[in-house]
Amino acid sequence: MSDVLDRETQEVVKDDRILRFGKADRIEHAVQVVSFAGLGLTGLIQKFFESAISQWWIGFLGGLPQVRIIHRWLATILMLAVIWHFGKAGYRTYVERRPRAMVPSKRDWTAIKESVALLAGRRHEPVKQGRFTFAEKVEYWSFVWGTVLMIATGYMLWNPISTAKFLPGDFIPAAKAAHGGEAILAVLAILVWHIYHVHIKHFNKSIFTGYISRVEMIEEHGLELEAIEAGKSGPQASPAQMAERRRKFLPAFGVVAVLMMAGIYWFVSFEDTSIATIEPIEDVVAFKPLPPELANGSGPALSEDNPLPPITIPETTIPTETTVPQAAPTWASVGPLLADQCSVCHSSSNTMGGVDLTTYDSTMSTEGVVIAGDPASSSLVVEQQAGNHPGQLSEANLEYVIDWIESGAPFGETSEPADSLSWDGSIGATVSLRCGACHSDTVALGGIDLASLEATLASGDAVIPGDPESSSLVVVQEAGSHPGQFTVAELDTIREWIEAGAP
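Each residue of the sequence shown is one higher than the one before, counting from 1 in the working numbering.
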């Protein structure tokens, strides 16, 4: 046994240098540096995307969708590195029986007090510490805790719909806040704590070269130096013992590693909600087929004297205004006209001039906007008849609105407004306003059509009556930063509506 330890000491100590990190340790550190730096960069520019520097980086990396993909690739590399680290730590502890140098001990508390005394000038000799100082242990376990937190919250953000099936929807924005906050904390810890101890206090090159000087060992790791010189720093098991334990460890860890990698695959492939982007519009090349005589080669060849017949593009009438409804004027037909022309400036989220034309109740409750039976005194008509309004109704549609007001501005056949907490009340108008651009009967992005109550309930789990926490409409909106983001009040109303059974 003593011969083995002597050989280990000879391999570790060369000249005035001591081998501190082997090649595997240095490679692992390099992978962690690349993944951590990349995750920090791509994560923070998403968190602070409105800043000029973030916009520059996003453009440099190929746009926001590409930044998201890079971020998730780096997260996958980090998780694979965790598996490697887990196996390496297990091998050193179980097979080689090396001391568990990273586990906090009573000696660390003594080292803390001695370090304070050294800084206060009451101590002059170096503080003796083991393979890892108390400062390095704090940093290591902070990294471990941060990695666990980032993986857990990262899963929630990567797979929000599946997460909401097991946890309340409030966990999604909470995970977003924790993920971003921990990212800032981790980056600051590296820039302040790690950079100071490793690069400013003195430049420790051992993680790059593998070797550390004897002087540095005396100053930072005196106890480890004593163990090395006593032949007690390496494996504390004989070659025969290590071979026996290796035969048990490698197959066991192989199974664990496969299960962990399967978990990572499940993690990254379960759903693509958080990285899905609007598909680009397909480029379509318009062409006119060759005449039959040219296509089959029976006619004369094309030349200056025999050019290809000109392509005639048929005239296309592009509708520039809403078609006038044919039914008797009620809010059911007038409401969409106003939503189409007026909702940009007069909605629940942008009540310009104090006017909200989103619902029947909000329209009728705003004094002077619509005076039932008196269109000439209704400011809605007065403003429109003046012309050049930003949301100008066509002449025919304005006449339709005037007829509606003259008939008493009825809500429907019963002249009674629907319950505001219903699709025909305020819900349908809110959903149409926020979501109609991407989720309609003509543009059903992701297979989701929110143009009508029937289409909404038929769109998978978009709305599950009575269960807002499992409804993807609520889950995606609670995650925030959606292209058609509801206001807080609108989202609360949507939740109440779904809880009421989505009437």
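It is worth saying that the hints were derived from the structure and are not from the lab.
Predicted model only: the values in this text are computed from it and were never measured.
Built from N, CA and C at the ideal position, the CB exists for glycine as well.
Fair warning: there could be bad hints in the mix.
Result set (DSS-like, lysine-lysine): computed pairs, CA atoms no more than 25 Å apart in a straight line [as the list claims (entries may be wrong)]:
(1) K23 <-> K137
(2) K165 <-> K23
(3) K176 <-> K128
(4) K128 <-> K232
(5) K232 <-> K23
(6) K88 <-> K232
(7) K232 <-> K137
(8) K165 <-> K88
(9) K137 <-> K113
(10) K106 <-> K232
What follows is a list of derived Cβ distance ranges for each label pair [as the list claims (entries may be wrong)]:
(11) D340 <-> I195: 54 to 64 Å
(12) P235 <-> V215: 18 to 28 Å
(13) W145 <-> D340: 49 to 59 Å
(14) A243 <-> A177: 43 to 53 Å
(15) T93 <-> G263: 15 to 25 Å
(16) W266 <-> G90: 15 to 25 Å
(17) G501 <-> V258: 14 to 24 Å
(18) S394 <-> A37: 10 to 20 Å
(19) D340 <-> P173: 24 to 34 Å
(20) M261 <-> P173: 23 to 33 Å
(21) P235 <-> Y265: 30 to 40 Å
(22) D441 <-> E399: 19 to 29 Å
(23) T110 <-> Y196: 33 to 43 Å
(24) K232 <-> A262: 34 to 44 Å
Taking the hints in turn, this is what the structure says about them:
1. K23 <-> K137: holds (21 Å)
2. K165 <-> K23: With Cα atoms ~44 Å apart, K165 and K23 exceed 25 Å; violated.
3. K176 <-> K128: Violated, at roughly 42 Å.
4. K128 <-> K232: holds (16 Å)
5. K232 <-> K23: It holds: about 21 Å lies between the C-alpha atoms, which stays within 25 Å.
6. K88 <-> K232: Answer holds: K88 to K232 is near 20 Å, not above 25 Å.
7. K232 <-> K137: OK: K232 and K137 at ~21 Å, within 25 Å.
8. K165 <-> K88: violated (36 Å)
9. K137 <-> K113: Holds, at roughly 16 Å.
10. K106 <-> K232: holds (20 Å)
11. D340 <-> I195: 54 to 64 Å: holds (57 Å)
12. P235 <-> V215: 18 to 28 Å: holds (27 Å)
13. W145 <-> D340: 49 to 59 Å: holds (53 Å)
14. A243 <-> A177: 43 to 53 Å: holds (50 Å)
15. T93 <-> G263: 15 to 25 Å: Taking Cβ atoms as reference, T93 and G263 lie about 23 Å apart, which means the hint holds.
16. W266 <-> G90: 15 to 25 Å: holds (23 Å)
17. G501 <-> V258: 14 to 24 Å: Violated - the Cβ-Cβ distance for G501 and V258, about 46 Å, lies outside 14 to 24 Å.
18. S394 <-> A37: 10 to 20 Å: About 58 Å separates the Cβ atoms of S394 and A37, which means 10 to 20 Å is violated.
19. D340 <-> P173: 24 to 34 Å: With Cβ atoms ~32 Å apart, the hint holds.
20. M261 <-> P173: 23 to 33 Å: holds (30 Å)
21. P235 <-> Y265: 30 to 40 Å: The hint (30 to 40 Å, Cβ to Cβ) holds, given that P235 and Y265 are roughly 34 Å apart.
22. D441 <-> E399: 19 to 29 Å: holds (28 Å)
23. T110 <-> Y196: 33 to 43 Å: violated (23 Å)
24. K232 <-> A262: 34 to 44 Å: Roughly 40 Å apart at Cβ, these two residues keep to the hinted range, so it holds.
In the structure shown, a violation is registered for the earlier hints numbered 2, 3, 8, 17, 18, 23, in ascending order.
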